[in-house]
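Visitor: Residue-level listing of the chains:
There are 2 protein chains.
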Amino acid sequence: MSKLLVIGCGGVAQVAITKCCQNSAVFTELCIASRTLSKCDALKSALEGTTQTKITTAQIDAMDVPALTALIKDYNPVAVLNVALPYQDLAIMDACLAAGVHYIDTANYEAEDTQDPTFKAAYDKRCAELGFTALFDYSWQWAYQEKFKEAGLTALLGSGFDPGVTSVFAAYAQKHYFDEIHTIDILDCNGGDHGYPFATNFNPEINLREVSAPGSYWENGKWVETHPMAIHRTYDFDQVGTKDMYLLHHEEIESLAKNIPNVKRIRFFMTFGQSYLTHMQCLENVGLLGTEAIDFEGQSIVPIQFLKALLPDPASLGPRTVGKTNIGCIFTGLKDGKERSIYIYNVCDHQECYREVGSQAISYTTGVPAMIGAMLVSDGRWQDAGVFTTEQFDPDPFMEGLNAWGLPWTVVENPTLVD
Amino acid sequence: MSKLLVIGCGGVAQVAITKCCQNSAVFTELCIASRTLSKCDALKSALEGTTQTKITTAQIDAMDVPALTALIKDYNPVAVLNVALPYQDLAIMDACLAAGVHYIDTANYEAEDTQDPTFKAAYDKRCAELGFTALFDYSWQWAYQEKFKEAGLTALLGSGFDPGVTSVFAAYAQKHYFDEIHTIDILDCNGGDHGYPFATNFNPEINLREVSAPGSYWENGKWVETHPMAIHRTYDFDQVGTKDMYLLHHEEIESLAKNIPNVKRIRFFMTFGQSYLTHMQCLENVGLLGTEAIDFEGQSIVPIQFLKALLPDPASLGPRTVGKTNIGCIFTGLKDGKERSIYIYNVCDHQECYREVGSQAISYTTGVPAMIGAMLVSDGRWQDAGVFTTEQFDPDPFMEGLNAWGLPWTVVENPTLVD
Chain H
10 MSKLLVIGCG
20 GVAQVAITKC
30 CQNSAVFTEL
40 CIASRTLSKC
50 DALKSALEGT
60 TQTKITTAQI
70 DAMDVPALTA
80 LIKDYNPVAV
90 LNVALPYQDL
100 AIMDACLAAG
110 VHYIDTANYE
120 AEDTQDPTFK
130 AAYDKRCAEL
140 GFTALFDYSW
150 QWAYQEKFKE
160 AGLTALLGSG
170 FDPGVTSVFA
180 AYAQKHYFDE
190 IHTIDILDCN
200 GGDHGYPFAT
210 NFNPEINLRE
220 VSAPGSYWEN
230 GKWVETHPMA
240 IHRTYDFDQV
250 GTKDMYLLHH
260 EEIESLAKNI
270 PNVKRIRFFM
280 TFGQSYLTHM
290 QCLENVGLLG
300 TEAIDFEGQS
310 IVPIQFLKAL
320 LPDPASLGPR
330 TVGKTNIGCI
340 FTGLKDGKER
350 SIYIYNVCDH
360 QECYREVGSQ
370 AISYTTGVPA
380 MIGAMLVSDG
390 RWQDAGVFTT
400 EQFDPDPFME
410 GLNAWGLPWT
420 VVENPTLVD
Chain F
10 MSKLLVIGCG
20 GVAQVAITKC
30 CQNSAVFTEL
40 CIASRTLSKC
50 DALKSALEGT
60 TQTKITTAQI
70 DAMDVPALTA
80 LIKDYNPVAV
90 LNVALPYQDL
100 AIMDACLAAG
110 VHYIDTANYE
120 AEDTQDPTFK
130 AAYDKRCAEL
140 GFTALFDYSW
150 QWAYQEKFKE
160 AGLTALLGSG
170 FDPGVTSVFA
180 AYAQKHYFDE
190 IHTIDILDCN
200 GGDHGYPFAT
210 NFNPEINLRE
220 VSAPGSYWEN
230 GKWVETHPMA
240 IHRTYDFDQV
250 GTKDMYLLHH
260 EEIESLAKNI
270 PNVKRIRFFM
280 TFGQSYLTHM
290 QCLENVGLLG
300 TEAIDFEGQS
310 IVPIQFLKAL
320 LPDPASLGPR
330 TVGKTNIGCI
340 FTGLKDGKER
350 SIYIYNVCDH
360 QECYREVGSQ
370 AISYTTGVPA
380 MIGAMLVSDG
390 RWQDAGVFTT
400 EQFDPDPFME
410 GLNAWGLPWT
420 VVENPTLVD
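If you're matching them up, the sequences are chains H and F in order.
Its first residue numbered 10, the first sequence is counted upward by one per residue in the working numbering.
Its first residue numbered 10, the second sequence is counted upward by one per residue in the working numbering.
Simulated from the structure, these hints should not be mistaken for laboratory data.
Quantities reported herein were computed from a predicted structural model and do not represent experimental measurements.
The reader is advised that the hints may include incorrect statements.
Now the in silico label distances, taken between C-beta atoms and shown as ranges [said to hold, decoys possible]: (1) 282(F) - 68(H): 54 to 60 Å; (2) 138(F) - 325(H): 38 to 44 Å; (3) 282(F) - 343(H): 52 to 58 Å; (4) 364(H) - 314(F): 39 to 45 Å.
To give a feel for the contact side, a few chain H residues facing chain F, derived at Cβ under 7 Å [to be verified]: (5) 207; (6) 308; (7) 315; (8) 319.
For glycine and all other residues, C-beta sits at the position ideal for the given N, C-alpha and C.
Okay, chain H solo, but in the shape it has when bound (with noise of 0.2 Å):
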């Protein structure tokens, strides 16, 4: 029925590509696109055999817009699933803006180089007018407003799971069990066990600015900013059991709060193990998190690149992940003049991801709901001109095809988040 061209090829496109190709009945064309294109041909030859779904590869440099506008023209999807780097997120957009195509995301744009002067100014003066620190925002891409808007096209951001599934969740709830939503966590819960003393599931510099960052979160209409790691709180989560959390600044904070009328406080919290805080602690005391280069022997090396040169290779987590995923909302509010609050989540088991994609969840929770937000641009059911997040359309078609897709979720009522 429709064509979907996807730019990237790394670990969340593979899980978005198989999942794509799973839907053959909606995507019948797919090009795979990236920097790389020996990557995109092993994951065509790898898919192929296994679906109907026509595929296709083209090597491209997504920061180079001429070039991408005449893939996109060339190729003429209904939409571009953009699944590469962050980074890449302005320059994706404007070359479907040129090229007249829809556009979906799973993550907010950032500079290549955060210590870019230009990104850095803006990013200051943006703190600054909120007030606290928003490691991550939508500032970026919500400036593209008008012009998705007058090019009559969709752009719909953050379609992963939190951001993605998260708000889907809110919109859920607000449609069916709420007359008044007043309160919304949101609970990342990664109950996995990798079998090493310590890793991380992804670049440690990106680990160490999530738990050094402030935390904030959003009450009675505005910003409150805590210390890092200041707020704490347990939750049982089923199939995964009794975690610490811990409150962090996250992006859909600040869509859920224009976009849900009369919520009073929105906060986000993710699990963090013991073990893991005592080593990044360790690690921070001796400076081995640090990210200005020291001259050694003669030579300059920064910090946490030499630690991360010792670290086992995120990659390499995959096959050895066990345990599950548990990632939700705590909901509060008013139903028919009565408090009410449900938690709505989904659990995700790591092997089980592996076994089917060759992933772990923390790869699939965030494909498969990138392949069901383009699966509803494409197909029409989520289309308005301009920049949407995923809390801005009817739930129910995304709810359906989470049951359908790999994302089974449940609700339950009265949840207890312990202090």
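We have chain H already, so just place chain F on it with the hints.
Guide: Relative to chain H, chain F alone:
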């Protein structure tokens, strides 16, 4: 009355030399010799005017036996005090034999490169014979027994605190407090705080070896080897408080087992704070304590050496370290047919040491006994032909020396070591 040649000008050497200069009645003339003449000259300048000892200096590579022999013959001291590096012990002993002077040191021999095939083979053979991992041992220097005997010269080994003072405590307990010593527990407690989350008092590679090597103790005539840090005790140290300690191998166990008759068990415990151990564990977990080079961006880098470059310079800890050391021995046994137990110990204050000699207690507690050992050998009270450890001479003049020269000791009855 006598001339002393001191080899070395590091932290311990500076304390020993300063103490010799406070004791001008014995040390009328002193020569400071080390590889770096400017360090010797700087120390000479700092001490002149404060002492009646006549100080001279000399440049020497202690590994060059003919040159060192010539220097000794030329200066013509009564004895040589070796407070240089442990790998230089044998060369200095050879030179003392060639020049016909007495020898005193504080630390037992170890090859500069512990992976050197000759050293490694001998070390492995000895460990196999003993049935345990003798991280430090006197075997290389005990092999000089006949040479010193024939030459009619004294070699006094290990005249620091532990080994050194702790063995004198054993001889003193044997002479004055017991008919029979049954057990000896040597306790080494550093209650100092340098204010850093993590730093090491000396080369982190040596610290690491201590905590990662198997422990061992002497019991009923043989060695018992334990897993690293497997045996834990606590003790309430006078002026420091209750501390966690772990059983380690230490070289004086072997000499005490030979020289204290009827002793049934000898153990050595060192205090380690939980934070120190946690940091060491985390650093080991991520591979930062590795001693083999890894390839990093085309450069060959040894992880523990990179770590060392990140940590505070051990020499910088002196002025900022507060608190006290408490080092001593618990003896149990029989006196007049009744059971008895005592703790003989010294308490040393880091800041007081720093004010007096510009070094914290770690160097002070080694440097002062080095001077006392050199004094007793020089003035003839501890002279005998052969190679000796400190428990083999009359302890009384050494114990008087400790009280006189800054390391006063205390004896308490019925100490309680807690499991």
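Visitor: Taking the hints in turn, state whether each one holds.
Guide: We went through each hint and held it up to the structure:
In this structure, residue 282(F) and residue 68(H) meet the distance hint of 54 to 60 Å, their C-beta atoms being roughly 56 Å apart. In this structure the supplied range 38 to 44 Å holds for residue 138(F) paired with residue 325(H), their Cβ-Cβ distance being about 43 Å. Here the CB-CB span from residue 282(F) to residue 343(H) is close to 53 Å, well matched to the stated 52 to 58 Å. At about 43 Å, the beta-carbon gap between residue 364(H) and residue 314(F) stays in the expected band of 39 to 45 Å.
With 7 Å as the threshold, the beta carbon of residue 207(H) comes within range of chain F, its nearest partner Cβ sitting at about 5 Å, so the hint holds. The beta carbon of residue 308(H) comes within 6 Å of a beta carbon in chain F, closer than 7 Å, and the hint placing it at the interface holds. Proximity of residue 315(H) to chain F holds as hinted, the smallest CB-CB distance being about 6 Å (cut-off 7 Å). Interface restraint check: residue 319(H) against chain F, minimum CB-CB distance 4 Å, threshold 7 Å, status holds.
Of the numbered hints stated above, none is contradicted by the structure.
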